[in-house]
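Trainee: Got chain A; can you put chain B on it based on the hints?
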Amino acid sequence: MWNWIQRFSSPKYFYDMSAMLIPWFAISALLVGVYGLYLGLFVAPTDYQQGESYRIIFVHVPAAWMSLFIYMVMAVSAAIGLIWQIRLADMVAAASAPIGASFTFLALVTGMLWGKPMWGAYWVWDARLTSELILLFLYFGYMALQSAIEDQRSADKASGLLAIVGVVNIPIIHYSVEWWNTLHQGATVTKFDKPSMHVDMLIPLLLMAVAFQLFYAAVVLIRTRNEALYRDRNRRWVRELIGRM
Amino acid sequence: MGGYAFFVWTSYALTFVVVIANIVSPIVQRKKVISRIKRTIRREQLQKQDNV
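For the record, the sequence lines run as chains A and B.
The first sequence runs 0 to 244 under numbering that gives the first Met the number 0.
The second sequence runs 0 to 51 under numbering that gives the first Met the number 0.
Isolated chain B (complex conformation):
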């Protein structure tokens, strides 16, 4: 890269990191949201059993 290799490749590496982060983060977020809701459903079912 004509002596500019560090600057050019670091820029592309950071781009890659940002792209990956933007893919991984919402996937992880989705898993967390779903498991949290499942736990709430489970907790409510247990409470209903206790109340019966």
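Just chain A, with the same shape it has in the complex:
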């Protein structure tokens, strides 16, 4: 089994295999996303309380879900890299960070654009918003450590540790709306009984979430391939590959 893991976790094997996957993820992300946007913007009914402004939900919530999901991918990959010294895992973590940061940013700004008309404020220092902002800082911290430390292994160790320690923020973000008095809406989908959202709004929401997932898959594969090329730039498989280009 160890040989199997070593084979599948070699950067070269990953580089060759991932090429085929990227177009599938990209095209399905586009199709699902376009359909989800169509349903969300033109088919889903108007909300009786919030009018049309609630339509921000179709990008705000998927972006927020991605910000959390990508962070977990990053932290788990970093842990795998730290514990088992699998370099591909460190590459996936480093590749994920800027993508996760951009989704966190998107969740925050779309949240602000929703909060201003609905709550009267672009920002409040409540638990949900503050912990999501901290998530953005954690992503930046990861990227800063990768940039600042010259030796790749040391950089991966330092940034990986930050990613792992920062996992504590994830349940804080999720449960913040239960644990503290918060302006932010409570959980309607990610709880253990059936969602309290109308199906005509739920379907486009879930479709956009799937589209964002597929999009992340395509982008992280491209970025991880770049990491593989760069980190293995002095190894034979890269030299031969580049030589053939």
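To be clear, the hints were calculated from the coordinates, so they are not data collected in a lab.
No experiment lies behind these values; they were computed from the predicted model shown.
For each residue, glycine too, the CB sits at the ideal point set by N, CA and C.
Check before you lean on any hint, since a few could be wrong.
[Unchecked claim] Calculated from the model, a selection of chain A residues having no Cβ within reach of chain B, i.e. all distances over 12 Å:
hint, residue
1, F7
2, T45
3, H197
[As the list claims (entries may be wrong)] Straight-line Cα separation of at most 20 Å, EDC-like style, residue types lysine to aspartate or glutamate; simulated pairs:
hint, chain 1, residue 1, chain 2, residue 2
4, A, K115, A, E51
5, B, K37, A, D231
6, B, K47, A, E239
7, B, K37, A, E239
8, B, K37, B, D49
9, A, K193, A, E177
10, A, K11, A, D231
11, A, K156, A, D231
12, B, K31, A, D125
13, A, K115, A, D125
14, B, K30, A, E239
15, B, K30, A, D231
16, A, K115, A, D46
17, A, K11, A, E239
18, B, K31, A, E239
19, B, K31, A, E51
20, B, K30, A, D46
21, B, K31, B, E43
Mentor: For chain B alone, coordinates are given in the frame of chain A:
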């Protein structure tokens, strides 16, 4: 958008920007990595010629 047009469309515009940035950035990154490696290969070839 019932008076909320600015807020809704700005949100979608920012989403579009983030999506485009996430497409363009890794493509540019790939080009940079490949050209950097090509330059290193070229430099090493030249050094080998000098040493011969």
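Trainee: Next step is simple, just say for each hint if it's right about the structure.
Mentor: Here's how the hints hold up against the structure:
At the 12 Å boundary, the C-beta of F7 (chain A) stays outside the reach of chain B, the nearest C-beta of that chain being 22 Å off. Taking the minimum C-beta to C-beta distance to chain B, about 7 Å, the non-interface status of T45 (chain A) is violated against the 12 Å cut. Chain B leaves H197 (chain A) outside its interface by the beta-carbon criterion, the shortest separation being 18 Å against a cut-off of 12 Å. Restraint check for K115 (chain A) and E51 (chain A): the C-alpha separation of about 14 Å stays at or below 20 Å, so the hint holds.
Distance hint between K37 (chain B) and D231 (chain A) is fulfilled; the C-alpha atoms sit about 13 Å from each other, no more than 20 Å. Restraint check: the Cα-Cα separation between K47 (chain B) and E239 (chain A) comes to about 18 Å, which is no more than 20 Å; the hinted pair holds. Between K37 (chain B) and E239 (chain A) the CA atoms are separated by roughly 11 Å; this keeps the pair inside 20 Å, and the hint holds. Proposed proximity of K37 (chain B) and D49 (chain B) is supported: the alpha carbons are some 18 Å apart, at most 20 Å.
Proposed proximity of K193 (chain A) and E177 (chain A) is supported: the alpha carbons are some 17 Å apart, at most 20 Å. A hinted pair counts as satisfied when its Cα atoms are at most 20 Å apart, and K11 (chain A) with D231 (chain A) qualifies at roughly 9 Å. Between K156 (chain A) and D231 (chain A) the alpha-carbon distance is near 18 Å, which keeps this suggested pair within the 20 Å criterion. Straight-line distance between C-alpha atoms of K31 (chain B) and D125 (chain A) comes to about 42 Å, which puts the hinted pair past the 20 Å bound.
Between K115 (chain A) and D125 (chain A) the alpha-carbon distance is near 15 Å, which keeps this suggested pair within the 20 Å criterion. Under the criterion of a C-alpha separation no larger than 20 Å, the hint pairing K30 (chain B) with E239 (chain A) is consistent with the structure, at around 17 Å. The straight-line distance between the Cα atoms of K30 (chain B) and D231 (chain A) is roughly 16 Å, inside the 20 Å bound, and the hint therefore holds. Of the pairs offered as hints, the one joining K115 (chain A) and D46 (chain A) holds, with about 17 Å between alpha carbons and a cut-off of 20 Å not exceeded.
This hinted pair checks out: K11 (chain A) and E239 (chain A) have alpha carbons roughly 11 Å apart, not beyond 20 Å. The suggested pairing of K31 (chain B) with E239 (chain A) holds, with an alpha-carbon distance near 18 Å, which does not exceed 20 Å. For the suggested pair K31 (chain B) and E51 (chain A), the alpha carbons sit about 43 Å apart, so the restraint of at most 20 Å is broken. A C-alpha spacing of about 46 Å is found between K30 (chain B) and D46 (chain A), which places the hinted pair above 20 Å, so the restraint is violated.
With a CA separation close to 18 Å, the supplied pair K31 (chain B) and E43 (chain B) stays within the 20 Å bound.
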